[in-house]
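Two chains, two separate frames, one set of hints: put the complex together.
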Amino acid sequence: MPKKYDIEQLVQKFKDGDKIALARLITLIENEPEKATEVFKNFQESNHESYIIGITGSPGVGKSTLTKSITKLLLEQGKKIGIISVDPTSPFSGGAFLGDRVRMTEISLHPNVFIRSLASRGYRGGISRAVLDITLLYEAFGMDFIIIETVGVGQSEFEVYNLAYTVIVVLVPGYGDAIQMQKAGIIEIGDVYDVNKKDLGGEDVAAHIDMMLDDSSATQSGWRPPVAMTNSITGEGVDELVGHILDHKEHMELSELIEERKKNRFAYKIRELLYYRIDRILESLINKNEIEQLSASIIRDGKFKIYDAVHDIFSNVKFEMKKKDSD
Amino acid sequence: MPDKKIRVLMSKPGIDGHWRGGIVVSRALRDAGMELIFGGFQNIKEIVESAIHEDVDVIGLSIHSGAHLTYTQQVIDLLKERGVLDDILIIVGGVIPAQDFPKLKEIGVANVYGPGSLVSDIVEFIKERITK
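Those sequence lines, one after another, are chains A and B. For the record, in the first sequence the residue sitting at position 108 is 108 according to our numbering, with numbers rising by one throughout. Position in the second sequence (first residue = 1) + 1000 = our numbering.
Just so you know, the hints here were simulated from the structure itself, not pulled from any lab data. Please note that a few of the clues may not be correct.
Straight-line distance between alpha carbons at most 30 Å, and here's what the computed DSBU-like set of lysine-lysine pairs gives [unchecked claim]: (1) Lys269(A) - Lys1132(B); (2) Lys19(A) - Lys1105(B); (3) Lys35(A) - Lys1005(B); (4) Lys1004(B) - Lys288(A); (5) Lys1004(B) - Lys4(A); (6) Lys1045(B) - Lys15(A); (7) Lys1080(B) - Lys13(A); (8) Lys1105(B) - Lys80(A); (9) Lys1127(B) - Lys35(A); (10) Lys3(A) - Lys1132(B); (11) Lys80(A) - Lys1005(B); (12) Lys13(A) - Lys1005(B); (13) Lys269(A) - Lys1005(B); (14) Lys1080(B) - Lys4(A); (15) Lys19(A) - Lys1127(B); (16) Lys41(A) - Lys288(A); (17) Lys15(A) - Lys1005(B); (18) Lys249(A) - Lys1105(B); (19) Lys1045(B) - Lys3(A); (20) Lys1005(B) - Lys249(A); (21) Lys288(A) - Lys305(A); (22) Lys3(A) - Lys1080(B); (23) Lys19(A) - Lys1005(B); (24) Lys1105(B) - Lys15(A).
Partial chain A-side listing against chain B, Cβ under 7 Å, derived [said to hold, decoys possible]: (25) Lys3; (26) Ser93; (27) Gly94; (28) Arg101; (29) Ala119; (30) Gly122.
Only part of the chain B face toward chain A is listed, based on derived beta-carbon distances under 10 Å [what the hints assert, rightly or not]: (31) Tyr1071; (32) Glu1081; (33) Arg1082.
The beta-carbon is built from N, C-alpha and C at its ideal position, and this holds for glycine as well.
So here's chain B without its partners, still in its complex pose (with noise of 0.2 Å):
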């Protein structure tokens, strides 16, 4: 019987003490039967080695530095050298300014949940994509 489980790594790139908003959606992807693995601060090779490591089918970045669109672009770089892009899918988190969410889709984020989202829609979002 396969006993399958969505895994997910938690990180924050680069420095910038905002733990919290990527603590309450582990906590919550855990609630809704996933397997989350808490990255922490890491950098980007960190987070990449990490998602190999792991086998994650989801990458959660929470950044809170303004400097989403840098990390990003990085840790999706590095994926893709790595040749596991394909099969991760990364969603972005924290805060991060509404007219930077198409520039983040463009370079690969499946999607992107800024102040006042709802931990359900995001879990919703990963079963979705995931399972099906």
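In isolation and in its complexed conformation, chain A is listed as follows (with noise of 0.2 Å):
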């Protein structure tokens, strides 16, 4: 049997603490998206912040371990954490195997922790359209910060910048030469880098990084992003680069620069929520039987014609608006 959710009992045990709680309604907002107005509407008078960090990189660079060792620090300072980790979704199944949680076990089970695993869901970017669901339910259960590690990324996926107010860009030893650091994406969004996997060199690849940056006018606000070395299994480096994480925290905050990344937060979410919308509505105008019979006539009859087709398309869609029910 599918379980029932109730969310008002559900909410009263997530404002006594409750970690089953907290965990249902994750699972309810990311399966029914449309049922998070009925539980926001529980939290409007919460007005706690959390700090959102995040870490993205290529897969197996050791995100997750690595978030392993920050959260253990960050618990022996007396913090709550949030965690968010997501894994890809297979565009053929539909399913997901979840292995970030594998690496974190020890910390698991501290008190002050919350750990939940995502998949992408289809979701593009290297996060999944939860995400930001999930932050705001983390800042409602009093997190002091909120991790989210990203899919194993490759060089264009960087929404993880539009919600985190510190991005720790991960690399390994062997990543590449000064070219590679030179291209656009993800290799610019890092507040931090971090070159993982130390003991097995690596020094080339955080000297490239330290030579883009001097060269980079991304310094403008003041802040110049630090280069830190680690082995995340066995922590050597991690206290460093937590403190870098929070040396840009504090920047941040005294800089007022927060402010900016708190409201691209918001506008890169109410973008989203709006687009989905649109986007449902231009789904209805479109025929999908329709494309796959020009696509195969244009294999028929030429495919020089696939402009002439789309234009064809095009200026037989109704284009009266029409307010679907809302979601």
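See the structure below:
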């Protein structure tokens, strides 16, 4: 039998600090985003703010282990931490193998930590649609820090930048030469850089990042991103990395740059929610069978007619705006 | 539109190095469209706490050490103590002698999969029990 959730009861327990209720509200909002309205209206009195850290980097660089090591130090300082770890959903089966928590067993029983694994569920950019909603739930739950660990990313999945106040880009020895460091995308978004697996070398990677940062105009905000080197398994260098994170936090708070990031965080979500609704209207205007038929006829009659075909479809779309029943 | 996925925690209670069975079944559940949280080696408290944080529908215990009766009983007791036993389906797999199947079912295990089981049966069983 599928589980049943009683929002009112869950909210009551959530307010008493019950992790079971937190977990179930997450499930509810992840599965049925339209329920968020009903859930969030119970938290309108809450003005607690958490500091949000994003950790991103390629698959296998050690993001989960690093998340564990960072969290361990913050827990020692008496902080409450909420972790969101995202792994990819299969484009074929819709299933996912979520293998981040297994790296965090060491901290998983601490009373001040909550760890949730999420599948990306088709959302692009290295996170999942529910991430912002879950950060809001964590804030209402009273977390001091929230750590968002992205999917193992390539060069261009930088959505975490829109949600976190401090972004850590994790690299490993062998990442690439000075040319890789000049590329746009992931390599630009770090507030702090970390070369993990330092037992394998990586001094050259750290030097290349340093050079890139020295040449960059990105330091106009008064913050020159530091470059740490860690071994996330032994914990070596992690205290220095956490020091950098806390320095950046202080910089953000003193310079009030954090207000910009907060604005960005909500603007990002508002845009996404609006686009999501508009997309649903647009989808209803376009006949999916027609696309498949045209695609077949183009293959038959000549692929160079593709632009004409799109033009034909477009001129047939009925553009009267009708409001769909809102979600 | 609800976008409900079946969430499963796959854990190996205690210490035995037989890792492959849990991985094979996990992979099959992934390919059947479920969200599989791989817990790996965990003690009883870690299993229950993970199941709570992840709000799973199913816990799969992969046990090859011979201690399946003890471990499974401990997991069930702690789930009950935390008040979530009724919401979670428990399945056990591994090197489990057939004469222990009824004992496991008696203490609350939904199904047991010994050597030679088909992963397709596991998938079907979970889908049947969780979605209906």
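Worksheet entry | Violated hints, by number in ascending order, as checked against the structure | Result: hints 1, 8, 16, 18, 20, 24, 30, 31, 32 break, sorted rising.
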